[in-house]
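Input sequences plus hints: build the corresponding full structure.
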Amino acid sequence: ADLYHVAGEQQSDSTAVPADLTGYTRVKMELVPPPFAPAHEQVATGGPKIIEITMETSEVLMTVDEDTGAEVWALTYNGSVPGPLIICHEGDMVELTLRNPVDSMMEHNIDFHASTGALGGGGLTHVYPGEETVLRWKATKAGCFTYHCAPGGAMIPYHVTHGMNGAVMVLPRDGLKDADGNPLRYDSIAYIGEQDYYLPMDENGDYRTYEAAGDDYGDSLEAMRGLIPTHSVFNGAVGALTGENALTSKVGETVLMIHNQANRDSRPHLIGGHGSYVWESSFTDPPLRDMETWFVRGGSAVAAMYTFEQPGVYAYVNHNLIEGVMLGATAHFVVEGEWDNNLMEQVVAPRAFAT
Amino acid sequence: ADLYHVAGEQQSDSTAVPADLTGYTRVKMELVPPPFAPAHEQVATGGPKIIEITMETSEVLMTVDEDTGAEVWALTYNGSVPGPLIICHEGDMVELTLRNPVDSMMEHNIDFHASTGALGGGGLTHVYPGEETVLRWKATKAGCFTYHCAPGGAMIPYHVTHGMNGAVMVLPRDGLKDADGNPLRYDSIAYIGEQDYYLPMDENGDYRTYEAAGDDYGDSLEAMRGLIPTHSVFNGAVGALTGENALTSKVGETVLMIHNQANRDSRPHLIGGHGSYVWESSFTDPPLRDMETWFVRGGSAVAAMYTFEQPGVYAYVNHNLIEGVMLGATAHFVVEGEWDNNLMEQVVAPRAFAT
Amino acid sequence: ADLYHVAGEQQSDSTAVPADLTGYTRVKMELVPPPFAPAHEQVATGGPKIIEITMETSEVLMTVDEDTGAEVWALTYNGSVPGPLIICHEGDMVELTLRNPVDSMMEHNIDFHASTGALGGGGLTHVYPGEETVLRWKATKAGCFTYHCAPGGAMIPYHVTHGMNGAVMVLPRDGLKDADGNPLRYDSIAYIGEQDYYLPMDENGDYRTYEAAGDDYGDSLEAMRGLIPTHSVFNGAVGALTGENALTSKVGETVLMIHNQANRDSRPHLIGGHGSYVWESSFTDPPLRDMETWFVRGGSAVAAMYTFEQPGVYAYVNHNLIEGVMLGATAHFVVEGEWDNNLMEQVVAPRAFAT
Ligand SMILES: [Cu+2]
Ligand SMILES: [Cu+2]
Ligand SMILES: [Cu+2]
Ligand SMILES: [Cu+2]
Ligand SMILES: [Cu+2]
Ligand SMILES: [Cu+2]
Ligand SMILES: [Mg+2]
Ligand SMILES: [Mg+2]
Ligand SMILES: [Mg+2]
Ligand SMILES: [Mg+2]
Ligand SMILES: [Mg+2]
Ligand SMILES: [Mg+2]
Ligand SMILES: [Mg+2]
Ligand SMILES: [Mg+2]
Ligand SMILES: [Mg+2]
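Chains as they are written, first to last, in this note's numbering: chain A, 1 to 355; chain B, 1001 to 1355; chain C, 2001 to 2355.
Keep in mind that the hints were calculated from the coordinates and are not lab data.
You may find that some hints are simply not true.
Claimed, not checked - Some, not all, of what chain A presents toward chain C, calculated at C-beta under 8 Å:
{"hint": "1", "residue": "V17"}
{"hint": "2", "residue": "T22"}
{"hint": "3", "residue": "E56"}
{"hint": "4", "residue": "T116"}
{"hint": "5", "residue": "H126"}
{"hint": "6", "residue": "K138"}
{"hint": "7", "residue": "G153"}
{"hint": "8", "residue": "R264"}
{"hint": "9", "residue": "S281"}
{"hint": "10", "residue": "V348"}
{"hint": "11", "residue": "A352"}
Think of the CB as a built atom: it goes at the ideal place given N, C-alpha and C, for glycine as much as any other residue.
This is how it looks when you write it as structure tokens:
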């Protein structure tokens, strides 16, 4: 646990050469809640930037499943599960102001998988309630990367499985490309965080309730140790991306689906569609092609691109269908446009047959 | 759940342009039970085809493990777990007649991961007992793809984990190739479906029995929610591909192993051999090479190619060895031919040593 | 189970042509315990070699976790979990003398994923207490490969989950390369075996103790069947690679991390660093690039390369953080050097903010 406090001391004692910020332009990025993406360029114009962002470590009581009343004292960045999507380009710097509200119960920090050194910044960003810190790091590798809280010891999986994680997308300066170097562009981003919760139950199998953030710590650790989540949901709660909250698109439009899972493996599938281009590793590698179901190594963010060819409803699921349907990992895309009978046709509608 | 009925209404109301079937040749494909493959060309001759197939949604009581007497009311396509392998080429159309026998207990449908739109056809193929439907879809992406029943809601994982899944192989028109474009050909196909079952037990730990298909619904959902299967078997039952049912081959022969797992991740390994060419994503991507153990993302079918170099018995396993040995995921290849001492030699047979 | 004894009989009856060892040079390789690597060349000089090694199947009582007193009668190669790392080049032969000490309780053998035929040698190497055998096999495929004990039936997962596994690295003769064929060289190897243990507990939740190796067989099988390990540790025990046992490196140095997991999937992540080059499949394939978290298919060994750019402590974890932190899968690298403020800087140390 102490590991996470040593880095700061080491660095403050250090006589390292100051950073050279010559040539960088400072810009502010307004973060937005999931499933949305902040305003950004797909191809970078101008030189490298220092992108200033602010995040607050909010502890909020959330309903996970309205049907059962299951709730969790979520630990969050900016109040949402997952935390906001951050977008920059390779060679940019991200400068984060991290604030822990004075009424918080717990200390928090942040570990950016996209960054280099000091436990991804986790060793330099410990903020107690009422504290703030500023961390700047350079995006040297292109890809989608998880970030998450990592206060040390068992608090690490505890905070991560209470919602305290999100993603950074580091785009190549000249944008996404296929294996031959041809540009790949998207019309919209669907930013989906999958959250595995391990909610404690009482002897009757009812979900326990707690007075304040952190009160479920002991019970949660016991539930977590079994490695089987009670819920695995998209964007914090069952149904957060279905019904009235469904994502929307049109035939001919291209969506970039960014899937963040900071802890547990997942295997997304778009029912009725495909992952035409999937970056499971990084944007340095060419994308995998035409996948039915792709893989999110637990502790990763991945991107998958698809151009809709048919109208209707598509379900984006964790294709362990028990997790997708019963544990909650389902989102919907409602797509408008003209049906293409060349791709699929109901030649004979269901009818009784002669026996 | 309703999602699955909306698509049909939408499409029947639609004013979409009729399909243009000019240039297609109609052929019938006779489906065969696993682990066998239907008669097919590796390199397509002639123009694109409309391949007519028929499947019946049979509900059958199956013994999963003779040792324990564990049984399941399997939900199947054509009476086998997995359902039959379908093979076509990129650019072909598959035209399926799906019939639900009049004495079935449940409604069924089919979602083809290889297809595009209407929940993979799931929204257009709901058949109640005594009903039939005909669906035609175009294979636009080359690879091995899962198909499965998806009636809606918790019935989706229930049907899938009761055996109702199988695979389509969509070959490139000019056949399989390595990364340099050289042709890769096989002498035989071994089509292996891995099925995770979650069989309900009574208070003594004995497997429950049920009168009819569907009677285990409530108990099964409870067992499934824990995400730990009681069995993970190849081709429906423990031992379905060992002993008298072992697969056979010869030194110098090349086998294409198609592994379908519609729900849960797996990691096949051929004990004594390798995956010389493995297509985890699609046939659009070059195959991975020389793998000891490859990966089947839950909700995927993958292909792996190997040319036998030694005689003897090879065990094909899910290399979580607990699943492979104790939960049932083992198949055998019995391979004839001459031993090659250059590849391996027992220099000294086991003998007592001086201490 | 018998499968494992048939191969030896078959081969001893065989009239196969003797091996042609012309052109091979015999050398002895001194094996060393993990996390260290034996002396070896990255680029092979001279012609192919026959590399002679010796391993002993030791059964040893090990403490898994000092905090809880959890212990296991580990089944090992050469007394360590994992067994020693073996290194050769493609085209070399490995000639193993395997000895089972006379005071052992159990029979053992070895299955090399890197080899071809006879169940990876498992069918030719069964040694009872007091026996030895010699097996020679040719390394025809380049990559990192698991080896493990596989005595037959449920003894296979039992031995593997009691520590009886390790890795062979088969280097290309001209060494590791990137996708463009440029050489990739390392300064050190960190050989990390992840071991999933399923330790039986009594009714109070305390770990059981046993008199001798094998005494926990029945209890262990029961625990294993649930598929959820009680521990998942690096190099045999909690803390085996942290604190005083931490790995060390320097800024500018390149480490090759070899991760062996013979049974269960894992997803390693280097906190504060990356997998700049990751070989998940084999060295025949170009490495994946810039991964935040890579994947070890259960029953695989993989290699990941990273050049340290910052000083400090890095934690190498299974990034299912419950497994990494609570089940034990954490190692530390302590890296010396100068901090680079251009990569990361704590612009404002944590301080109170005005509300
Ligand atoms: Cu936190
Ligand atoms: Cu992390
Ligand atoms: Cu069905
Ligand atoms: Cu599906
Ligand atoms: Cu053994
Ligand atoms: Cu193995
Ligand atoms: Mg870096
Ligand atoms: Mg509460
Ligand atoms: Mg990523
Ligand atoms: Mg399509
Ligand atoms: Mg029955
Ligand atoms: Mg597939
Ligand atoms: Mg071979
Ligand atoms: Mg003991
Ligand atoms: Mg390997």
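Quick rundown of the hints versus the structure:
Hint status for V17 of chain A: holds, given a least beta-carbon distance of 7 Å to chain C, under 8 Å. Here the hint on T22 of chain A is broken, as its CB sits about 11 Å from the closest CB of chain C, past 8 Å. Evaluation of the E56 of chain A hint against chain C yields a violated restraint, the C-beta minimum of about 11 Å exceeding 8 Å. For T116 of chain A, the shortest C-beta to C-beta distance to chain C is roughly 5 Å, which falls under 8 Å, so the interface hint holds.
Annotation: H126 of chain A was flagged as interfacial toward chain C, and the flag holds, the nearest CB pair being 6 Å apart, inside 8 Å. The interface hint given for K138 of chain A holds, since its Cβ lies 5 Å from the closest Cβ of chain C, which is under the 8 Å cut-off. Among the interface hints, the one on G153 of chain A holds; its C-beta lies about 7 Å from the nearest C-beta in chain C, closer than the 8 Å criterion. With a least beta-carbon distance of about 6 Å to chain C, the hint placing R264 of chain A at the interface is held under the 8 Å criterion.
Proximity of S281 of chain A to chain C holds as hinted, the smallest CB-CB distance being about 4 Å (cut-off 8 Å). Hint status for V348 of chain A: violated, given a least beta-carbon distance of 43 Å to chain C, over 8 Å. For the restraint placing A352 of chain A at the interface with chain C, the shortest Cβ-Cβ distance is roughly 45 Å, beyond the 8 Å limit, so the hint is violated.
Of the numbered hints stated above, those contradicted by the structure are hints 2, 3, 10, 11, listed in ascending order.
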